[in-house]
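Novice: Residues per chain, in single letters:
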Amino acid sequence: MNVSSRPRLVARHIEAITGYLFLLPDLLGLLIFLIIPIAYAFFISLHDWNALSPMRWNGLDNYVKLLSDTQFWASLKITAIYTLIYVPVLYVISLGLALLVNQRLSFLRFFRTIFFVPVVLSLVVSSLMWKYIFDERAGLLNFLIGLIGIPPQAWLGSVELALPSIIIVSVWIQMGYFMVIFIAGLQDIPRDYYEAARIDGANRVQMFFWITLPLLKPTSLFVIVISLIASFQVFDQVWVMTRGGPSRATQVTAVYIYQQAFQYLNLGYGSAVAFVLFVVILGCSLIQFRLLRSTQS
Amino acid sequence: MSGIPTFTASTNKRLYRRLSNVLSYSICGVVALITATPFVWMALGSLKNATEVVEYPPTFLPRQFAWNNYVEVFTSVPFLRYIFNSFLVASTVTLVALLFHSMAAYSLARLRYPGRRILFLVIISTLMIPASITLIPTFIIVRSLGWLDTYWALIVPALFNAFGIFLLRQFYLSLPLELEEAARIDGASPAGVFLHIALPLSRPILATLAVFFWLANWNNYLWPLIVTQSPEMRVIQLGIASFAGEHSTQWQLIMASSTVAAVPGLILYVFLQNFLIEGIKMTGIK
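Taken in sequence, the protein lines are chains A and B.
Each residue of the first sequence is one higher than the one before, counting from 65 in the working numbering.
Each residue of the second sequence is one higher than the one before, counting from 6 in the working numbering.
Everything labelled a hint here was simulated from the structure, so no lab data went into it.
Since the structure is predicted, the reported quantities are computational estimates derived from the model, not experimental observations.
Treat the hints loosely; a few may be bogus.
Examples of chain B residues lying across from chain A (beta carbon under 10 angstroms, computed) [said to hold, decoys possible]:
id, residue
1, Ser29
2, Leu66
3, Phe144
4, Ala215
The C-beta atom is built at its ideal place from N, Cα and C for all residues, glycine as well.
Generate coordinates for the entire structure from the input sequences, incorporating the hints supplied.
Specialist: Written as structure tokens, this is what we have:
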């Protein structure tokens, strides 16, 4: 018994060592660059630091300062408005496109191919493309609306229109991506359900609300959570198109964090704002999960 | 009584079906126009000269194709260097990350050792971490390692993301055990089984992830913005953004540089569309 179990013990040790070694690079990397940073972010937020002189302990001063910082609250409000418009619009449009393209009609595959292209672009390229179109003097958009009699708008230069303009661009960029996700979700729904409903005399609208939508719950949850988390952290498009202007009309929280930390070198304060945003994101995701899970039953 | 009502009912249905199809195609057409127009407009703008590109009302086709715009982009800034930087970073990250992820995934899927379950949960939990919270601390970590303004800062932090590990683990779990068991009986080590059996079999999913990772790194903007300073270290997205910042009214150059930056993504799309779409569908599986 003793002699024959030796090689098995060695084999199991080799397997374990291999297991740990194989896991090591990624585990170490995730630890250093993802897990530790969260704790470190909180740690930094308790200090005053400008990257040149040593850190100065500050306690919760940054958070107290946060509470009375009107620019911070304004940025949260702008981020909230952005999210409250972007997420539902994106949801409806990408679901709509998915339903449209999923029909058994010819050539729809071709359209699906086109709708998806913006996804391969970077946010910077998309933003620059649209910045040119939105240009007040030479932009295509003002020319097109001029054709139907609407006067030229400042778009990205207008305090009222800048944020909606950025939202349009964001939806344009992402709708193909979520359309594909919805198509996958739609194709998972067995056709028999629709057949049975048709026999029972249901029309397309009824089938949508009683079959499609409920069975799309997991996909919908995914789409909403992902787009929500992304919209809370939106940066690239805003920075490239407006830098947070005009007059801070598009200064979303991520832009505010960037400016505080990397332009004004208030790394401690920036970290505090980032941490608050983190808590908000986490809170919203949890609420989402609860809400959609309770409607599942 | 038997003939007429049913005849009317089915014609109605056919008419309704016809109208609905026309509506579908029309909406598709409009959306396709909205999707395609910015691309076309960017390409056209890149070929107009400095005065024509800001003309109002705008011209459609350029009067003369200003190919020299592209030359000017490459000569007025180290654009080739930007491309090289992005290419280097994207390719390195893709190769190294896939190696690490497949090793980690195989370990989590097939090898047995104490704590495997907990380690997997820890790794998966990192998926919940939003990027914005990690930017400042990672910047400080990278800085204290002396990596600022070097390729290290651009490559190393980008390697680690639990998503690839999750997908590859799913894949390895789905492989039939017999192949691996046969190899073990023949005396292969666990590492050998991974190298000669599991890894080769995972080529399709590795290819899909590769396209994804490469494109994501080519398109990356914020992190390079934070960790690089000198023009020589700029990646292409930074390059075109700073170009737009410095030559903010020279739309023809901005469009030309953006077109160049868009090319790899478009090429990948034309030839590897299926990989991309498969990859997206995989992100939906949770």
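Novice: With reference to the structure, classify each hint as holding or not holding.
Specialist: Checked hints:
no. : hint   : verdict
1   : Ser29  : holds, 6 angstroms
2   : Leu66  : violated, 14 angstroms
3   : Phe144 : holds, 8 angstroms
4   : Ala215 : violated, 14 angstroms
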